[in-house]
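Participant: On the provided structure of chain A, position chain B as indicated by the hints.
Protein chains: 2
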Amino acid sequence: MPASGFSLDSRLAADCHKLWSSPESDILLMDKRMFRPWFILVPHSHVHELIDLEPEQLKTIMRQIAGITRFLRTEYQPDKINTATIGNMVSQLHVHIVARYHEDPCWPGTVWGWTSNEQSQCKQQYTAAEVETIRQKLLDAPGLLS
Amino acid sequence: MPASGFSLDSRLAADCHKLWSSPESDILLMDKRMFRPWFILVPHSHVHELIDLEPEQLKTIMRQIAGITRFLRTEYQPDKINTATIGNMVSQLHVHIVARYHEDPCWPGTVWGWTSNEQSQCKQQYTAAEVETIRQKLLDAPGLLS
Numbered sequence: 053m054p055a056s057g058f059s060l061d062s063r064l065a066a067d068c069h070k071l072w073s074s075p076e077s078d079i080l081l082m083d084k085r086m087f088r089p090w091f092i093l094v095p096h097s098h099v100h101e102l103i104d105l106e107p108e109q110l111k112t113i114m115r116q117i118a119g120i121t122r123f124l125r126t127e128y129q130p131d132k133i134n135t136a137t138i139g140n141m142v143s144q145l146h147v148h149i150v151a152r153y154h155e156d157p158c159w160p161g162t163v164w165g166w167t168s169n170e171q172s173q174c175k176q177q178y179t180a181a182e183v184e185t186i187r188q189k190l191l192d193a194p195g196l197l198s
Numbered sequence: 053m054p055a056s057g058f059s060l061d062s063r064l065a066a067d068c069h070k071l072w073s074s075p076e077s078d079i080l081l082m083d084k085r086m087f088r089p090w091f092i093l094v095p096h097s098h099v100h101e102l103i104d105l106e107p108e109q110l111k112t113i114m115r116q117i118a119g120i121t122r123f124l125r126t127e128y129q130p131d132k133i134n135t136a137t138i139g140n141m142v143s144q145l146h147v148h149i150v151a152r153y154h155e156d157p158c159w160p161g162t163v164w165g166w167t168s169n170e171q172s173q174c175k176q177q178y179t180a181a182e183v184e185t186i187r188q189k190l191l192d193a194p195g196l197l198s
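Those protein sequences? They're chains A and B, same order as listed.
The end of the first sequence is residue 198 by the working numbering, with every number in the run present.
The end of the second sequence is residue 198 by the working numbering, with every number in the run present.
This is chain A alone, in the form it adopts within the complex (with noise of 0.2 Å):
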């Protein structure tokens, strides 16, 4: 079962776009542009590690990470897709799955590990639009939502 009185982390709320959410999960967007694209996976529950989730939650949050890494392949081509729960910064589960290519900014380097100097020289944040687009093609992605 998802847990009751689950809220979404400001931090991830500030640092997102919510692009879909279900009773087991949201579906987030980061706001690097630069990234083509970062979805975070955040299971709507209070444990930290994705091995206390519950059997079945746990089966539905597999299976939605093996569904959007799918997606990010065929939509977007990735050279490389990296995938990690850390949680170091904000304590709340959440599952990054990002599309990754040779001539991006921070290749072959970890998103994570990249300084918020060095990303305060590129422009950041998608347009309205952009977003609109993107999740249009997540709702069009045959099975992953299902």
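No lab work stands behind these hints, which were simulated from the structure alone.
Honestly, I wouldn't trust all of these hints.
In this list, chains with the same sequence are indistinguishable; a pair is considered to hold if it fits within one copy or across any two.
[Claimed, not checked] SDA-like, lysine to any residue: derived pairs with alpha carbons at most 20 Å apart:
1) K132 x Q144
2) K132 x T179
3) K132 x H100
4) K70 x A181
5) K70 x R88
6) K189 x Y178
7) K132 x H148
8) K70 x A193
9) K70 x L196
10) K111 x P75
11) K189 x R122
12) K70 x V142
13) K132 x D104
14) K189 x E108
15) K132 x Q177
16) K132 x T185
17) K111 x T185
18) K70 x E106
19) K132 x C158
20) K132 x R63
Facilitator: This is chain B only, laid out in the frame that chain A set:
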């Protein structure tokens, strides 16, 4: 089925101690003793993303990730566990499972964004006896490697 002709990537082999090997995977210990400890699980496969593993091998690997995570928590009581598949530098599929502490050298950053310059300031390598102790704890962990 595990891949035929699999051999461990030379950079992983150089940077890590092999603790354990099964038909499906290797468990490595990153030779950076300031992280207590940093495991790497390497499926015996030629694919580059977890979702591309054969269903049976994926099931085994997910069970091993969960087992290593529980082992880290029980044995080392970290403040957080960081889990990731990155593969930007070493394309061979491998899963990082890292015990993190508020007082470790790069908290709250990630171990992957940590520069070699910063790393060189710390004594890094395990002694053979320390590796053996960790291997023995791993081998003794109930249900992990069975």
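Participant: How would you label the pair K70, L196 (within, between, both, or neither) given a Cα cut-off of 20 Å?
Facilitator: within (16 Å within a copy, 37 Å between copies)
Participant: For K132 and H100, with the copy left unspecified, which applies at a CA distance of at most 20 Å: within, between, both, or neither?
Facilitator: For K132 and H100, the Cα distance is within 20 Å only across copies (8 Å; inside one copy 26 Å).
Participant: Reference check for the pair K111 and P75, CA-CA at most 20 Å: within, between, both, or neither?
Facilitator: within (14 Å within a copy, 25 Å between copies)
Participant: Within, between, both or neither: how does the pair K132, H148 come out at a Cα-Cα threshold of 20 Å?
Facilitator: both (13 Å within a copy, 16 Å between copies)
Participant: When no copy is specified for K132 and Q144, does a C-alpha distance of 20 Å or less occur within a copy, between copies, both, or neither?
Facilitator: Between. Shortest inter-copy distance 12 Å satisfies the 20 Å Cα cut-off; intra-copy 26 Å does not.
Participant: Within a copy, between copies, both or neither: which one fits K132 and T185 at a CA-CA cutoff of 20 Å?
Facilitator: neither (22 Å within a copy, 35 Å between copies)
Participant: Within, between, both or neither: how does the pair K70, A193 come out at a Cα-Cα threshold of 20 Å?
Facilitator: within (17 Å within a copy, 41 Å between copies)
Participant: Is it within, between, both or neither when you check K132 against C158 at 20 Å Cα-Cα?
Facilitator: Only inside one copy: K132 and C158 sit 13 Å apart there, 25 Å across copies, limit 20 Å.
Participant: State whether the alpha carbon distance between K111 and T185 is at most 20 Å within one copy, between copies, both, or neither.
Facilitator: Neither, since 28 Å and 34 Å both go past 20 Å.
Participant: State whether the alpha carbon distance between K70 and A181 is at most 20 Å within one copy, between copies, both, or neither.
Facilitator: within (14 Å within a copy, 49 Å between copies)
Participant: For K189 and Y178, with the copy left unspecified, which applies at a CA distance of at most 20 Å: within, between, both, or neither?
Facilitator: Within. Shortest intra-copy distance 15 Å satisfies the 20 Å Cα cut-off; inter-copy 48 Å does not.
Participant: Is the C-alpha distance from K70 to E106 at most 20 Å within one copy, between copies, in both cases, or in neither?
Facilitator: neither (24 Å within a copy, 32 Å between copies)
Of the numbered hints given earlier, the model fails hints 2, 14, 15, 16, 17 and 18; all others are met.
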